[in-house]
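Number of protein chains: 2
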Amino acid sequence: ENILEAEPIVYRQIVVPHQSGKEYCTDAGLVVPSISYELHKKLLAIAEKHGLSLERRLEMAGVCASQMALTLLGGPNRLNPKNVHQRPTVALLCGPHVQGAQGISCGRHLANHEVHVILFLPNFVKMLESITNELTLFGKTDGKQVSSVKDLPDSPVDLVINCLDCHENAFLRDQPWYRAAVDWANQNRAPVLSIDPPVSAREQAVDAKWSLSLGLPLPLAESAGRVYLCDIGIPRQVFHEVGISYHSPFGCKFVIPLHSA
Amino acid sequence: ENILEAEPIVYRQIVVPHQSGKEYCTDAGLVVPSISYELHKKLLAIAEKHGLSLERRLEMAGVCASQMALTLLGGPNRLNPKNVHQRPTVALLCGPHVQGAQGISCGRHLANHEVHVILFLPNFVKMLESITNELTLFGKTDGKQVSSVKDLPDSPVDLVINCLDCHENAFLRDQPWYRAAVDWANQNRAPVLSIDPPVSAREQAVDAKWSLSLGLPLPLAESAGRVYLCDIGIPRQVFHEVGISYHSPFGCKFVIPLHSA
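The listed protein sequences correspond, in order, to chains H and U.
Using my numbering, the letters of the first sequence correspond one by one to residues 35 to 295.
Using my numbering, the letters of the second sequence correspond one by one to residues 35 to 295.
Keep in mind that the hints were calculated from the coordinates and are not lab data.
Fair warning: there could be bad hints in the mix.
[As the list claims (entries may be wrong)] Computed cross-link-like contacts, DSS-like style, restricted to lysine-lysine with a CA-CA straight-line distance of at most 27 Å:
1. H:178 x U:83
2. H:75 x H:56
3. H:83 x U:160
4. H:83 x U:83
5. H:83 x U:243
[Said to hold, decoys possible] Just some of the chain H residues that point at chain U, by a computed CB distance under 10 Å:
6. 47
7. 89
8. 94
9. 118
10. 172
11. 282
None of these values were measured; they are calculated from a predicted model.
Built from N, CA and C at the ideal position, the CB exists for glycine as well.
Given these sequences and hints, build the entire structure.
In structure tokens, the structure reads:
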């Protein structure tokens, strides 16, 4: 009667309101449900209210996305002092929105790690403040910024990072710079990593090999490729405030692969 | 005459003004010179001027320090869903300064990863704004905050993180809360990680097993233990502005071990 039984592992440690549909699971078999864009937006807004400012989130998303990109580029085999003349090249395609700012933050961290980064951002008279701040910092790296697709490389790069889309203004897709950037990405034969891609009713304009979702995943389309999840530092009680019962699925990692459940 | 010779690897890729003394090297043999506290302070001030705000730095230092701590705690072997009832315990000792704020940020990320964190911070009527902000966010985790050493655990914890010291106000060391926290740490038999420890003329009050320096190392005493270096996202041209010729020693990592050269 003294037998100690191991308590069963709870695989469903995250429970969301209005269990909407698509579910993912981690390598360890933990269920990670997707949430709607509206709930995701509310989660970030509550986090900001408690002090997890956009600036902090940009820094953290940039660090974690760059850690993922550095792994995709070959990790220590590719980035070591013996390979200084074979620095990988990344083309970073950004639109004029928070998703673009996240991309620029990622690009700065990549450039800080001696990756050759070419940032495409269309010219606008007035930019979001978060974009301007990220650009100032990016400008202190050896990364290059271009505003015309003509100045992007003709030959294949090592990785394309796609931050052209945002979750709200779908009309951006009709603009000439957007079409040009999409055509360039589809012609270049490099694999594509999308950061924080939207749920799209239409197909993604650029098919991704990998997509990185932030905090909790949206129900992404097949064209998002393999889905990864990034910890953006939201504490458990913030999830609770929007009705999500939450335990971290990350273990000791900050970026984990998700599988369709 | 068509022989391609590999260019020699430049091991000294970081050159600082007034080469002061202590030098470290990375696993790959790159030389990482130490800099004085005054130059380190100037480096951070210039970085802030370009938009790498204290808030961003706190977030980044917190993420990277927590990644190091998670590895020290056993990484995936310790933090997986099967071990949910054996969560590691970390005692985080913080003083009322920026080094303390860095520690609280680290503590939040550890608590977000289901580590049992007990934060010791002495009570003060007026706190630094950066401390207050970090505390608000930490308060949304399941981490516990205490202001008396009496409320720290009697039994050994898995890791002590020491953020009691700052670089300037050495007089803090004479305060009763400081002495009490140091005595507690020295009585508890847990290994100690110091984050951003100062160069000390006196011996460290708490001997560290590991120390984490930010950006570039200070010339640390033996009692700092094994020195690690953390990338805090400073772009190359910011190093140049303070007279440091710089190439990243990090490769694809954000935290690397340093060895006495």
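For each hint, the structure was consulted:
no.: 1; hint: H:178 x U:83; verdict: 21 Å, holds
no.: 2; hint: H:75 x H:56; verdict: 18 Å, holds
no.: 3; hint: H:83 x U:160; verdict: 22 Å, holds
no.: 4; hint: H:83 x U:83; verdict: 26 Å, holds
no.: 5; hint: H:83 x U:243; verdict: 38 Å, violated
no.: 6; hint: 47; verdict: 8 Å, holds
no.: 7; hint: 89; verdict: 6 Å, holds
no.: 8; hint: 94; verdict: 5 Å, holds
no.: 9; hint: 118; verdict: 7 Å, holds
no.: 10; hint: 172; verdict: 8 Å, holds
no.: 11; hint: 282; verdict: 5 Å, holds
Figure legend: structure checked against the earlier numbered hints; the only hint not met is number 5.
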